[in-house]
Amino acid sequence: MNELKVDISTLRLKNPIMSASGTFGFGYEFMEYYDTSVLGAIVCKGISKEPRRGNYGNRIAEIDGGIINSIGLENPGISEFLEKILPMIKTINTAYIVNILGSDLDEYLYLAEKLSELPRVDAIEVNISCPNVKAGGLSFGKDINLIKDLTRRLRDIFPKPIIIKVSPDLPYIEIAKICRNEGIDAITCINTIQSLLIDVEKKTFFFNNLYGGLSGPAIKPIALRVVYQVAKEVGIPVIGCGGIMSYKDAVEFFMAGATAVQIGTANFTNPLSAYEILKDLMSYLEKNKIHSVSELRIW
Amino acid sequence: MNELKVDISTLRLKNPIMSASGTFGFGYEFMEYYDTSVLGAIVCKGISKEPRRGNYGNRIAEIDGGIINSIGLENPGISEFLEKILPMIKTINTAYIVNILGSDLDEYLYLAEKLSELPRVDAIEVNISCPNVKAGGLSFGKDINLIKDLTRRLRDIFPKPIIIKVSPDLPYIEIAKICRNEGIDAITCINTIQSLLIDVEKKTFFFNNLYGGLSGPAIKPIALRVVYQVAKEVGIPVIGCGGIMSYKDAVEFFMAGATAVQIGTANFTNPLSAYEILKDLMSYLEKNKIHSVSELRIW
Amino acid sequence: MTKYNQLKVVHVRHYKANYVSLTLSYDNQMEIPMPGQFFMLKPHNTLLGRPISVHNFFRILKKGYIEFLFKIVGKGTKNLSELKRGDYVSLWGPIGNSFPTFENKKTAILVAGGRGIAPLFFLATKLFEKRYEIHFFYGVKKSEELIHILRLRNMSNKLFISTEDGKRGKKGLITDLFKSAINTYTSSLKDNLLFHDQGNNAVCYVCGPDIMMEKVCEVSLSHKIKTYISLESHIACGSGVCLGCTVESTGGQLFHVCKEGPVFDAEEIYCK
Amino acid sequence: MTKYNQLKVVHVRHYKANYVSLTLSYDNQMEIPMPGQFFMLKPHNTLLGRPISVHNFFRILKKGYIEFLFKIVGKGTKNLSELKRGDYVSLWGPIGNSFPTFENKKTAILVAGGRGIAPLFFLATKLFEKRYEIHFFYGVKKSEELIHILRLRNMSNKLFISTEDGKRGKKGLITDLFKSAINTYTSSLKDNLLFHDQGNNAVCYVCGPDIMMEKVCEVSLSHKIKTYISLESHIACGSGVCLGCTVESTGGQLFHVCKEGPVFDAEEIYCK
Ligand SMILES: Cc1cc2nc3c(=O)[nH]c(=O)nc-3n(C[C@H](O)[C@H](O)[C@H](O)COP(=O)(O)OP(=O)(O)OC[C@H]3O[C@@H](n4cnc5c(N)ncnc54)[C@H](O)[C@@H]3O)c2cc1C
Ligand SMILES: Cc1cc2nc3c(=O)[nH]c(=O)nc-3n(C[C@H](O)[C@H](O)[C@H](O)COP(=O)(O)OP(=O)(O)OC[C@H]3O[C@@H](n4cnc5c(N)ncnc54)[C@H](O)[C@@H]3O)c2cc1C
Ligand SMILES: Cc1cc2nc3c(=O)[nH]c(=O)nc-3n(C[C@H](O)[C@H](O)[C@H](O)COP(=O)(O)O)c2cc1C
Ligand SMILES: Cc1cc2nc3c(=O)[nH]c(=O)nc-3n(C[C@H](O)[C@H](O)[C@H](O)COP(=O)(O)O)c2cc1C
Ligand code: FES
Ligand code: FES
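Residue numbers (numbering that gives the first Met the number 0), protein chains in the order written: chain V, 0 to 298; chain G, 0 to 298; chain D, 0 to 271; chain R, 0 to 271.
Hints listed in this document are in silico derivations from the structure and should not be mistaken for laboratory results. Please read all numbers here as calculations on a predicted model, not as lab measurements. Backbone N, C-alpha and C define an ideal beta-carbon position, used for all residues, glycine too. Mixed in with the good hints there might be a few duds.
Said to hold, decoys possible - Straight line, CA to CA, 27 Å or less: simulated DSSO-like cross-link-like pairs of lysine-lysine:
{"#": "1", "chain 1": "D", "residue 1": "K74", "chain 2": "G", "residue 2": "K278"}
{"#": "2", "chain 1": "V", "residue 1": "K176", "chain 2": "V", "residue 2": "K141"}
{"#": "3", "chain 1": "G", "residue 1": "K247", "chain 2": "V", "residue 2": "K201"}
{"#": "4", "chain 1": "R", "residue 1": "K178", "chain 2": "R", "residue 2": "K225"}
{"#": "5", "chain 1": "G", "residue 1": "K202", "chain 2": "R", "residue 2": "K74"}
{"#": "6", "chain 1": "G", "residue 1": "K176", "chain 2": "G", "residue 2": "K147"}
{"#": "7", "chain 1": "D", "residue 1": "K104", "chain 2": "D", "residue 2": "K178"}
{"#": "8", "chain 1": "D", "residue 1": "K125", "chain 2": "D", "residue 2": "K178"}
{"#": "9", "chain 1": "G", "residue 1": "K147", "chain 2": "V", "residue 2": "K141"}
{"#": "10", "chain 1": "G", "residue 1": "K202", "chain 2": "V", "residue 2": "K13"}
{"#": "11", "chain 1": "G", "residue 1": "K202", "chain 2": "R", "residue 2": "K70"}
{"#": "12", "chain 1": "R", "residue 1": "K74", "chain 2": "V", "residue 2": "K278"}
Unchecked claim - Simulated DEER-style distance windows between Cβ atoms:
{"#": "13", "chain 1": "V", "residue 1": "K147", "chain 2": "D", "residue 2": "P208", "range": "39 to 45 Å"}
{"#": "14", "chain 1": "R", "residue 1": "E213", "chain 2": "G", "residue 2": "K201", "range": "33 to 39 Å"}
{"#": "15", "chain 1": "D", "residue 1": "K15", "chain 2": "V", "residue 2": "I172", "range": "43 to 49 Å"}
{"#": "16", "chain 1": "R", "residue 1": "D175", "chain 2": "G", "residue 2": "K201", "range": "25 to 31 Å"}
{"#": "17", "chain 1": "R", "residue 1": "D175", "chain 2": "G", "residue 2": "D279", "range": "54 to 60 Å"}
{"#": "18", "chain 1": "V", "residue 1": "R11", "chain 2": "G", "residue 2": "D103", "range": "44 to 50 Å"}
{"#": "19", "chain 1": "G", "residue 1": "S293", "chain 2": "V", "residue 2": "R11", "range": "56 to 62 Å"}
{"#": "20", "chain 1": "D", "residue 1": "L253", "chain 2": "V", "residue 2": "P118", "range": "32 to 38 Å"}
{"#": "21", "chain 1": "G", "residue 1": "D279", "chain 2": "V", "residue 2": "K231", "range": "54 to 60 Å"}
{"#": "22", "chain 1": "G", "residue 1": "S293", "chain 2": "D", "residue 2": "K140", "range": "32 to 38 Å"}
{"#": "23", "chain 1": "R", "residue 1": "D175", "chain 2": "G", "residue 2": "R52", "range": "35 to 41 Å"}
{"#": "24", "chain 1": "R", "residue 1": "L149", "chain 2": "V", "residue 2": "D279", "range": "52 to 58 Å"}
{"#": "25", "chain 1": "D", "residue 1": "P208", "chain 2": "V", "residue 2": "V199", "range": "47 to 53 Å"}
{"#": "26", "chain 1": "V", "residue 1": "V199", "chain 2": "R", "residue 2": "I148", "range": "53 to 59 Å"}
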């Protein structure tokens, strides 16, 4: 298993398989299925400053090849996260990455500040690409000047690895270049893709908040393109995410240039997914005598 | 059937069901299956100035919920189109819309000029969003100043309806606003979404030209979002396209705000698709006593 | 304890009206399911599992078996209905809370609408074992949908049936039958077991379409009968991580069906 | 003329090695298929149809029947293999050109590799009817894959079989068997029917894996035997509209399998 280690700048992960934010709770929920410490890292559900109730009405739907969610960032807020949740994951023995979402610049900075001194928090993943919240999501990510400011100031505040999470709905190449120049450590590609769902029978929009985010197999080829472009054209470490359902999908992401990958929707299809993908990836590497996933890159 | 008529500015279509460019040849091919004159309009395969051979290697693959193509705009060129193909569709008794693609501004203008005086050509659809050609596709569409120039000069040259075709890979709202301001008649939303496919066994990119375009059911929720945003926020007529496989899907597009719709990938699933969607839509409207598809809009 | 598993199909029975019962060989490493709990069953042709309540759990020669009863309504249930004896189903569970029972309330009113029979039948068998007095209300649209009538009759002190087609039981909605029965009880049969102590001795359990549950609870709560309902929502993960399975109380509070439910105190949902 | 249709399955036969034959009741409004042509068969679980060559066409009491033979290799063919008698399959065709035959060439060499037997068997039946002299080369990996051996033997003047496992016929590749057989013919049997007139009297038809076809054509073309091959590519529409089905000649020219093919003159593909 030695060869499975990957580095996200100063953070060494024991393997390149992480959970994707919002699909794995806080890491302890899946303990009922397997010891989540085996994963390379756990990325927790997005956290905001205040508790958020999330969206009313329908929140999830399945479509051909994917699912669409409009959770609306329900989360307990940073205080409860620090007080109640962090203690609960003390025994999970792997890197812990906190995903954060703010409605404005100050909120992002506040969250990073709060998390900066905690030994249990190994890195932050900054969500600037949520398609189903009114503020702090895509609208934030589309403002290039704001992104410049955000990344620079986050870098000042937060000493451990900072990961920025983008989606194809954003000018991701431009953003990735800014990130690289501002010393951001990695980019997660991709978040869900903004989508609209209509309930034909009821003649209404399916989600109260109008938009949802598309994830699952349907977005894999789009995610691969973003991973490839960011890794190759920008030259910044990329954490691949989007429709990874099997170890083969993960291999495709490594081939496209990802340093590590995240498992999202697959956790809903089978709660053991992340674990099984890790296991199968290990056999694949062994069988093919590949010593590090970085050897898989095809460019 | 009277109530099925829709207008794309000065062009009256007998019904709102069109074929999508590149999925219906030139309109006569499907005559083997049904009389394609029943459709509201036929949009032909994209035409360039010179003949184009298209891409080498694999051109099409099926994935979960969609297909990815990297045809690379194979077409006979405008001269052969005018000389050989236009005469062949003389007997097709419905609106004929020519899709054009140029590598640069001049080529677009040249094509529009050539088509401007032909009675058989009822409108042009300008493809600025092809994800799998080296020039004239997405790279062109991303240059906002070029788009401004293009739309203005096309408007000068071409007196009949001009339709611009966008994809979510472009800043489509900005483009749609320019189009509206420059007097463009409608926007087709959406073209295929740029995607990367990897052949894990062969350890290569699947397409010679790297990128392909994703179409089919997987992109429907993304297409609906673009249709809604362009129709609602910009207020310009929208022709909806993307993953329409049944009349219900078409109804969703009308609910989101489309004036007409195009049937693409569905033609491959069943060559009678466009015809069956039209037929089923008619029964649906009749059954629900809806006199015009514009009544379906839910905002 | 194993929560995710592949279990072998030992019996499939196709009822009328597109109902299917699926009996699986249980794994004794798994938690024993309680009435009200559900499992996520994974069809082959969908991305997400489908939540199905436990319809029965029993042992034959120490070996456990679990039974599900579901109605074919879409592609997932269709696919599950095509399982054959000897096939394996991937599933995870048991998930969620269960219908609470009380030592001091030995009168139970069960109200099932349509496929709501699935969990309430299981509950009835448990209550019967515990020697509850069972008053079972069971309504369906078409009389063919009625399932387990004989067994229900054996377990219940009184069984009320309504069908919308009127071919069996009382013609009409179960909500109306329930309302009139309760009113009769409370007005003319004050000393009926059901209602001495102003209903404090009775518990009501309801499962069915949203609108039916709301109407039933309106009646039961107005008579101060402790009432529990089993709610549905779009379940994606069934593991408490996606936060997709919310339902809303009349007061606007949000609950997660797979974590705080699927069984709720009716007062929590309808009275805030 | 109807090109798209739903046809009824009248017979399904499962062979060894995952081969399946599917016989459908034909519709006399449809064009009569020729050897080399194919149909798009639409599985239920895929978006695109799957191209399958016509394996046989016959009439019983004036009613037409069409037979397909395919190997299960992925989800589409798997789904098609699950069809049962009485089911309907959506399909469109016949598509493409067919193997040409010539009045003045009455000696046919057929070379089939693996599932390449599907169209070549059909061709053989037609050639047999036309009283051709048939020299049939048939190679497979595992001997279980061999299909229709008896019927092929009856139709052929000579039947050459190779299997990679060596359990039947000659052990090895059909390309080697073909090469040595042709060399023997041409060197020692100069007056063999096959090669008087320097091969001008013979036609060679090849269908199988790309690499096998290339090697066979190298031999046949070097002996100046007119050679036709049936090519595969990723077919999406089968209607000539998507332009996805291109194959490339050695000279870099592009051809569309569903329009200019699937049968090509080997010289067009390998010699430019
Ligand atoms: C906790 C719980 C327990 C359940 N127990 C049973 C049971 O024991 N027996 C039984 O027959 N059914 C039960 N159901 C309902 C069952 O889960 C759905 O019928 C099933 O998921 C539908 O899947 P499908 O793929 O067949 O239909 P789909 O194709 O997914 O949907 C068909 C129709 O049903 C709607 N729908 C699907 N899922 C839900 C949902 N969760 N809530 C509301 N509408 C939905 C869809 O919007 C669509 O209109 C239960 C649901 C929940 C939440
Ligand atoms: C004109 C034509 C005639 C054919 N006739 C027959 C026949 O008579 N009998 C028969 O058994 N097969 C025939 N084939 C091949 C058959 O179409 C494929 O095996 C089938 O489409 C695979 O579908 P699937 O969904 O089972 O596999 P998939 O899951 O789609 O693919 C399985 C594997 O096969 C590869 N593959 C799929 N389709 C093609 C293709 N068209 N070209 C190259 N690789 C492909 C995939 O990349 C993958 O590796 C023919 C193909 C063509 C083009
Ligand atoms: C239900 C759900 C909730 C999510 N919540 C978050 C979130 O809080 N923060 C975030 O950055 N991404 C969130 N995501 C996006 C995922 O982390 C991931 O980027 C996306 O789902 C694509 O990966 P997948 O196709 O493997 O699911 C969420 C996704 C889903 C499906
Ligand atoms: C094989 C193929 C070829 C296409 N060629 C063109 C083209 O030449 N010009 C163009 O504007 N769009 C082209 N498109 C895009 C379609 O017109 C349509 O916008 C897209 O496929 C989405 O619709 P769908 O999901 O219904 O297929 C092509 C699509 C496919 C699948
Ligand atoms: S279904 Fe995912 S949290 Fe309840
Ligand atoms: S398969 Fe579409 S053109 Fe040949």
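Hint check for R52/G and D175/R - Cβ pair distance inside 35 to 41 Å: Given about 37 Å between the Cβ atoms, the range holds.
Holds or violated: K202/G to K74/R, with C-alpha atoms at most 27 Å apart: holds, 22 Å
I want to verify a distance hint. Is the separation of the beta carbons of L253/D and P118/V within 32 to 38 Å? Holds, since L253/D and P118/V (Cβ atoms, about 33 Å apart) stay within the stated range.
Straight-line alpha-carbon gap K104/D to K178/D, limit 27 Å: holds, 21 Å
K201/G and E213/R - C-beta distance against the hinted 33 to 39 Å: The hint (33 to 39 Å, Cβ to Cβ) is violated, given that E213/R and K201/G are roughly 18 Å apart.
Does the structure keep K202/G and K70/R at a Cα separation of 27 Å or less? Given pair K202/G, K70/R holds - Cα atoms ~25 Å apart, limit 27 Å.
Using the Cβ atoms, figure out if D175/R sits within 25 to 31 Å of K201/G. holds, 26 Å
For the pair we were handed, K176/G and K147/G, check the Cα-Cα distance against 27 Å. holds, 10 Å
Go ahead and decide if the range 47 to 53 Å is satisfied by the Cβ distance of P208/D to V199/V. Roughly 20 Å apart at Cβ, these two residues miss the hinted range, so it is violated.
Could you say whether the range 39 to 45 Å given as a hint is met by the Cβ separation of K147/V and P208/D? Distance hint for K147/V, P208/D is violated at roughly 53 Å.
Next pair to validate is K178/R with K225/R; report whether the Cα-Cα distance is within 27 Å. holds, 16 Å
Should the hint that K15/D and I172/V are 43 to 49 Å apart at their CB atoms be regarded as holding? violated, 59 Å
Taken one by one, the earlier hints fail for this structure at numbers 13, 14, 15, 21, 24, 25, listed in ascending order.
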